[in-house]
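*Asks:* Below, each chain spelled out in residue letters.
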Amino acid sequence: GQQVMQIPQYQHVQEGEDFTTYCNSSTTLSNIQWYKQRPGGHPVFLIQLVKSGEVKKQKRLTFQFGEAKKNSSLHITATQTTDVGTYFCAGTNAGKSTFGDGTTLTVKP
Amino acid sequence: EAQVTQNPRYLITVTGKKLTVTCSQNMNHEYMSWYRQDPGLGLRQIYYSMNVEVTDKGDVPEGYKVSRKEKRNFPLILESPSPNQTSLYFCASSLFPTGDGYNEQFFGPGTRLTVL
Numbered sequence: 001g002q003q004v005m006q007i008p009q010y011q012h013v014q015e016g017e018d019f020t021t022y023c024n025s026s027t028t029l030s031n032i033q034w035y036k037q038r039p040g041g042h043p044v045f046l047i048q049l050v051k052s053g054e055v056k057k058q059k060r061l062t063f064q065f066g067e068a069k070k071n072s073s074l075h076i077t078a079t080q081t082t083d084v085g086t087y088f089c090a091g092t093n094a095g096k097s098t099f100g101d102g103t104t105l106t107v108k109p
Numbered sequence: 110e111a112q113v114t115q116n117p118r119y120l121i122t123v124t125g126k127k128l129t130v131t132c133s134q135n136m137n138h139e140y141m142s143w144y145r146q147d148p149g150l151g152l153r154q155i156y157y158s159m160n161v162e163v164t165d166k167g168d169v170p171e172g173y174k175v176s177r178k179e180k181r182n183f184p185l186i187l188e189s190p191s192p193n194q195t196s197l198y199f200c201a202s203s204l205f206p207t208g209d210g211y212n213e214q215f216f217g218p219g220t221r222l223t224v225l
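Chains E and G, in that order, are what the protein sequence lines are. Just so we're aligned, residue 1 is where the first sequence starts under our numbering, counting upward by one. Just so we're aligned, residue 110 is where the second sequence starts under our numbering, counting upward by one.
Relax, there's no trap hidden among the hints.
If you want a taste of the chain E side facing chain G, the calculated C-beta under 8 Å gives, among others:
#1 G1
#2 P43
#3 F88
#4 G95
#5 K96
#6 F99
#7 G100
Source of the hints: derived by calculation from the structure; they are not laboratory data. For glycine and all other residues, C-beta sits at the position ideal for the given N, C-alpha and C.
Please model the complete structure; the sequences and the hints are all you need to start from.
*Replies:* Structure representation (structure tokens):
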């Protein structure tokens with residue numbers, strides 16, 4: 001079945017440093033979604049990428065979808081303490097959603 | 110307010126005692142899904158439903174049942190819970206079936222289940 005790998009599992013940064021998490025799928029994805037889960041909270045949708053090579057930005061967050069639609073990345077520029085949480089990518093295929101294991105970001109002020 | 114609600118939020122039970130976790134959404138979404146979240150394992154899909162009376166297995170369906178008799182409700186049933194089903198459970202819904210069009214999943218607040 002479809003597998004989605006996400007690295008790194010944990011990332012500790014100093015406030016102001018950049019952060020990147022990577023997502024790799026064993027199969028070609030029709031689309032990929034990114035979610036953020038704050039400690040003690042539920043996943044919250046950030047964005048969906050659909051097109052090969054697509055790049056989308058949300059303020060300090062940049063999302064990329066690979067040309068082969070099998071990998072994706074989330075990059076945060078100049079992290080802030082409000083960025084703490086776990087970031088998940090999710091690949092979807094005909095109703096089935098497969099989530100990566102997530103990257104937990106901690107930010108030291 | 111558009112939302113997904115789950116009940117109960119916390120539950121401690123014993124092995125073998127049947128339980129139901131309810132999930133309801135008020136957004137008229139076609140798609141609903143159940144996930145379990147365990148430390149280091151991310152979110153794993155248990156069952157999903159593309160519409161009323163249509164349900165399909167996710168990656169970890171063993172030990173669980175679901176039903177979709179109404180569009181807004183998607184209960185998760187554990188007929189005979191076991192300790193390995195101790196987990197944090199999330200219900201989610203989406204406007205379009207996943208894979209078609211814009212399909213942001215809205216998650217409920219979660220149900221923390223402990224099976225002794």
